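Engineer: Top line first, the protein sequences correspond to chains A and B. Residues in the first sequence are numbered from 1 upward in steps of one, following my numbering. Residues in the second sequence are numbered from 197 upward in steps of one, following my numbering.
These aren't lab readings, by the way, just hints derived from the structure by calculation. Please note that a few of the clues may not be correct.
[To be verified] So the derived label-pair ranges between C-beta atoms look like this: (1) B:E214 / A:I168: 19 to 29 Å; (2) A:A12 / B:T265: 25 to 35 Å; (3) A:Q195 / B:Q324: 33 to 43 Å; (4) A:R40 / B:E214: 21 to 31 Å.
Note that this is a predicted model, so its numbers are computed, not measured. Every residue, glycine too, gets a C-beta built ideally from N, C-alpha and C.
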Amino acid sequence: MQQSLLEQLVEALRCMPGIGRKSAQRIAHQLLQRNRDAARHLSRIMADAMQNIGHCERCRTFTENSLCLLCANSKRDDSMLCIVENPADVDAIEEANYRGRYFVLLGHLSPLDGIGPDDIGLNELPKLLDEEQLAEVILATSSTVEGEATAHFISEMVKARGKQVSRIAHGVPMGGELEYSNSLTIAHALDGRKQI
Amino acid sequence: MKVDLTPCYILHSRDYRESSLILEVMSREYGRVSLVAKGAKRNKKHQGINFNLYQKYLMSWVSRSELGTLIDVEIASTMNSMSPQQMMTGFYMNEIVLRLLHKHESHPELFDSYDATIFELAADNTDQALLRYFEKILLQSLGYGVIFDQDQSTGSPVVAGDNYYYKLDIGPCSDVQANGIVVSGKTLIELNNETLLDNKNKNEAKILLRSLLKQYLGDKPLASRQLYEAYIKNKLTS
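Pulled out of the complex, with its shape left as it was, chain A reads as follows (with noise of 0.2 Å):
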């Protein structure tokens, strides 16, 4: 028996992390009954964003351009080189005051998931640690094993190019209070100290 119309949309909007069958059911609803507009507009601008968006040439991450606004930006800092996991790292380091150039994995090094170094661009990351300019890179890997594993990959790649490379601090969070931090991250936060 075909689905109906309203049918095939909730199933459709399930899609997205998160939503489960009541959820898209109740926005299902919700936009036909009081937002058909929004919708329309959301519609097309899916539409476009799936036909348009792509990785930049450079970083990787996600952009409907040839370069993202970041790597096409020439007042940023050419000597530093970020390395994260995620196109979402890239927002929350920008928030910090970071002004350097980025690169984006798209991931991190699992073997067991079947990710290797040509799946996470390694095999594009030489041509950007080549560049003169290029002095350090920071490497900003999430602090699992995996993403250590990443990070150790690459600052062998780093090394051997005679560039500096760091990684970034791992321990007590900002405002957090020692009582409450268990005992792996306070190890790590006591292996990182660091002179006043």
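Dock chain B against the given chain A, drawing on the hints supplied.
Structural biologist: Just chain B, lined up with the frame of chain A:
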């Protein structure tokens, strides 16, 4: 079933929904289990505990089906960070355990061997024999009945000075007709007693165990081995 704070290692984790993880766990008492850690990525629910590989935890969970729900977790021992090479070794251990160990089969001796090997790796012990002993215990735990100490042609104990032909489905044979992997008696005895010392014997043990494991792992290549090879190549060429 409800399980209270039992020793566990995470072999693999993957994202589930917005902020949860599905953990593939090896527990000492209950074998391999899959657990949902709800809200694990939001880091609030479980007292800010991160779920990491190579870290021993005490976990509590309830399970009504194949997939259990993690309800409590504590860190069982603090571990120092590992060198990249040791991390890759750990990936290999996790991959062979995940590929060979069936769910809900308890193997305390395998857990203890994993625990001891991880401890040595974290202490930066680079002796490759560690991995051989782990592989040996994995094969023995899984009930494949691998034999290292008895000549299967004559039934007498393996002698250090002799060479043997190891037939994968039978064991070491002194009979020349046996046509198996050539391995010295010394290697077999040292592997059995976990006292491998010389590189020559270690290499023999490596070839033997690799062939034994391959029988059960099948033809699908090990992703962790490929990553290790890529890592070494990257280190050498860059």
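Engineer: What are the numbers of the hints that this structure violates, sorted from low to high?
Structural biologist: none
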